[in-house]
Every structure is written in C-alpha cells, then in structure tokens.
Amino acid sequence: MQQLIQERNVSFALLTKAQTLCNTWYKLQTKSLNLLQSINNVISQRIATFDLPTTLAQHGVTPSRLIFKQTESIENSIKNMRLVLEMFEKVKNDWQKLEIEAKRHLTKSLTVIVKPQPLSTESMIQVTSVSPVQVYDMISKLAYMHKEEFAYKSTLLISLPSHTSTVEQFQNLIDRWTMESRIDDQIEQDISERIKLYKVVKKVLQSE
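If you're matching positions, the sequence shown starts at -1 in the numbering used here and goes up one per residue.
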C-alpha cells in the first residue's frame, strides 16, 4: 500500500504542476490580448489622424507629430508582445520538462507489482487515483498542444507589423491569436476535476 500511496502522491503532484502551467499560460494569454487590443486602439486612432488632418490642425494638433507618437506606441507594444512570447516559450519548455517527469514516473510504475488491498481509508482514497499511464497521456498531449500553439503564435507575431494598416486586418490577427484551437480545453478540465475529486474524497475519508 505504501508504494501505491507514493505513486498516487507523485501522480497528483505532476497533475498539479500541469494545472499550474495551464493557469500561467492563460494569464499570459490575457496579458497578450490586452496588448493586442491596445495596438488595435492606436491603429484606429492613427487612421483617424490620417483622415482628419485639417480638423486636428484647427485644434492646434500637429498631425505628423501625433502620427509619430502613435507609431511609436505601436512599436513599443510590439516589443512588449515579444517579451510576452518569451514567457510563453518558457511555459512551453516547462511542459516539455514535465512530460519527461511524467514519462519517468510511468516507467518506474511499471516495475511495481500491485497486490489486492484490504478495504481501508487508503484503499478507498486510491479509487480516486489517476494511473501513471493516464498522467503521462494527459501531460504529453498538453505538452504537444502548447508546443504547437507556441509555434503558431510565433508566426503570428512575426507577421504582426504587416497587419497594422487597417483595424480589420489587425482584428483578424487578434481573432486568430484568441482562438487557440491547438489546445484541447477538455483535457485541462479533466485534470482540474480529478484533482478536485481526489482532494474532496481524501478530506472526507481522513476526517472520519
């Protein structure tokens, strides 16, 4: 039973790390979308500046100076986007490291001989456990998905400057950045639900 408990603890430790990486990725996604929306707003303002130079001049605003500031603002936001992409890359690399840990955990579990256990609190908690095979399957899939999504985001960011001519062009880029179709949310939800179930059952049984 002690081996099973240890195996279970490692499984949930790995899943908890996976959950943390998912949350970190979501925070970066929110941060990047805020930056992209900021760029979109400035693009809209810059287009208005091009369209209304006479009106701006009448109000004492120099159109060329305003356009320069707006372009500078866009360039600074693009620089910040590159910094965020570096953070995305770190999460992607952490996924790959976690996949290696999960593979090691799986390999080790294959050497353990599981014997039938008598009914006890621990054996009942064990029912909620996630096998090393399942852990590796979920983590390896998520690692691959985030790797693919990072590659796609990298391509989008490279093309970003060429999408700043119109609001429509840039909105199209934002829509593609937002979609994240390469990541299956269901796997992330499954991990969260398994962790939650385990904690609830463990708390209830150990309090009896």
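Keep in mind that the hints were calculated from the coordinates and are not lab data.
Please read all numbers here as calculations on a predicted model, not as lab measurements.
Be careful, since some hints might not be right.
Lysine-lysine pairs mimicking BS3-like chemistry, simulated, CA-CA at most 27 Å apart [what the hints assert, rightly or not]: (1) Lys77 / Lys25; (2) Lys90 / Lys15; (3) Lys106 / Lys200; (4) Lys29 / Lys15; (5) Lys90 / Lys201; (6) Lys90 / Lys145; (7) Lys25 / Lys95; (8) Lys29 / Lys197; (9) Lys139 / Lys77; (10) Lys90 / Lys101; (11) Lys194 / Lys95; (12) Lys106 / Lys25; (13) Lys145 / Lys77; (14) Lys15 / Lys106; (15) Lys67 / Lys29; (16) Lys139 / Lys25; (17) Lys67 / Lys77; (18) Lys194 / Lys90; (19) Lys77 / Lys88; (20) Lys194 / Lys15; (21) Lys139 / Lys197; (22) Lys101 / Lys29; (23) Lys95 / Lys145; (24) Lys88 / Lys101; (25) Lys194 / Lys101; (26) Lys77 / Lys90; (27) Lys67 / Lys101; (28) Lys25 / Lys88; (29) Lys101 / Lys15; (30) Lys95 / Lys197; (31) Lys29 / Lys106; (32) Lys15 / Lys25; (33) Lys15 / Lys145; (34) Lys90 / Lys139.
We went through each hint and held it up to the structure:
1. For the hint linking Lys77 to Lys25, the alpha-carbon distance of about 18 Å falls within 27 Å, and the restraint holds.
2. Among the hinted pairs, Lys90 with Lys15 is consistent with the structure: their alpha-carbon atoms are about 13 Å apart, no more than 27 Å.
3. About 24 Å separates the Cα atoms of Lys106 and Lys200, which keeps this hinted pair within 27 Å; it holds.
4. Under the criterion of a C-alpha separation no larger than 27 Å, the hint pairing Lys29 with Lys15 is consistent with the structure, at around 21 Å.
5. Of the pairs offered as hints, the one joining Lys90 and Lys201 is violated, with about 33 Å between alpha carbons and a cut-off of 27 Å exceeded.
6. With a C-alpha separation of about 6 Å, the suggested pairing of Lys90 with Lys145 holds against the 27 Å cut-off.
7. Restraint check for Lys25 and Lys95: the C-alpha separation of about 20 Å stays at or below 27 Å, so the hint holds.
8. As the CA atoms of Lys29 and Lys197 are separated by approximately 31 Å, the hinted pair breaks the 27 Å bound.
9. For the suggested pair Lys139 and Lys77, the alpha carbons sit about 31 Å apart, so the restraint of at most 27 Å is broken.
10. Restraint check for Lys90 and Lys101: satisfied, since their Cα atoms lie roughly 17 Å apart, inside the 27 Å limit.
11. Taking the CA atoms of Lys194 and Lys95, the gap is near 24 Å; set against the 27 Å cutoff, the hint holds.
12. Between Lys106 and Lys25, the direct Cα distance comes to roughly 34 Å. Violation of the 27 Å bound is thereby established for this hinted pair.
13. Under the criterion of a C-alpha separation no larger than 27 Å, the hint pairing Lys145 with Lys77 is consistent with the structure, at around 22 Å.
14. For the suggested pair Lys15 and Lys106, the alpha carbons sit about 19 Å apart, so the restraint of at most 27 Å is met.
15. In summary, the hint linking Lys67 to Lys29 is supported, as the alpha carbons are separated by about 23 Å, within the 27 Å threshold.
16. Proposed proximity of Lys139 and Lys25 is supported: the alpha carbons are some 20 Å apart, at most 27 Å.
17. The suggested pairing of Lys67 with Lys77 holds, with an alpha-carbon distance near 15 Å, which does not exceed 27 Å.
18. For a cut-off of 27 Å, the pair hint linking Lys194 to Lys90 stands: about 25 Å separates their Cα positions.
19. The hinted pair formed by Lys77 and Lys88 meets the criterion: a straight-line CA distance of about 17 Å does not exceed 27 Å.
20. Proximity of Lys194 to Lys15 is assessed by CA-CA distance (about 14 Å); at most 27 Å being required, the pair is judged to hold.
21. Taking the CA atoms of Lys139 and Lys197, the gap is about 24 Å. The hint holds against a cut of 27 Å.
22. Of the pairs offered as hints, the one joining Lys101 and Lys29 is violated, with about 32 Å between alpha carbons and a cut-off of 27 Å exceeded.
23. About 12 Å separates the Cα atoms of Lys95 and Lys145, which keeps this hinted pair within 27 Å; it holds.
24. As the CA atoms of Lys88 and Lys101 are separated by approximately 20 Å, the hinted pair is consistent with the 27 Å bound.
25. Using a Cα cut-off of 27 Å, the hinted pair Lys194 and Lys101 holds, with the two alpha carbons roughly 23 Å apart.
26. The straight-line distance between the Cα atoms of Lys77 and Lys90 is roughly 20 Å, inside the 27 Å bound, and the hint therefore holds.
27. Simply put, Lys67 and Lys101 have alpha-carbon atoms about 51 Å apart, too far for the 27 Å limit, and the pair is violated.
28. Distance hint between Lys25 and Lys88 is fulfilled; the C-alpha atoms sit about 13 Å from each other, no more than 27 Å.
29. Proposed proximity of Lys101 and Lys15 is supported: the alpha carbons are some 14 Å apart, at most 27 Å.
30. With a C-alpha separation of about 25 Å, the suggested pair Lys95 and Lys197 falls inside the 27 Å cut-off, and the hint holds.
31. A C-alpha spacing of about 39 Å is found between Lys29 and Lys106, which places the hinted pair above 27 Å, so the restraint is violated.
32. Taking the CA atoms of Lys15 and Lys25, the gap is near 15 Å; set against the 27 Å cutoff, the hint holds.
33. Restraint check for Lys15 and Lys145: satisfied, since their Cα atoms lie roughly 17 Å apart, inside the 27 Å limit.
34. Taken as a hint, the Lys90 and Lys139 pair is honoured in the structure, with Cα atoms around 12 Å apart against an allowance of 27 Å.
Figure legend: structure checked against the earlier numbered hints; hints not met, in rising order: 5, 8, 9, 12, 22, 27 and 31.
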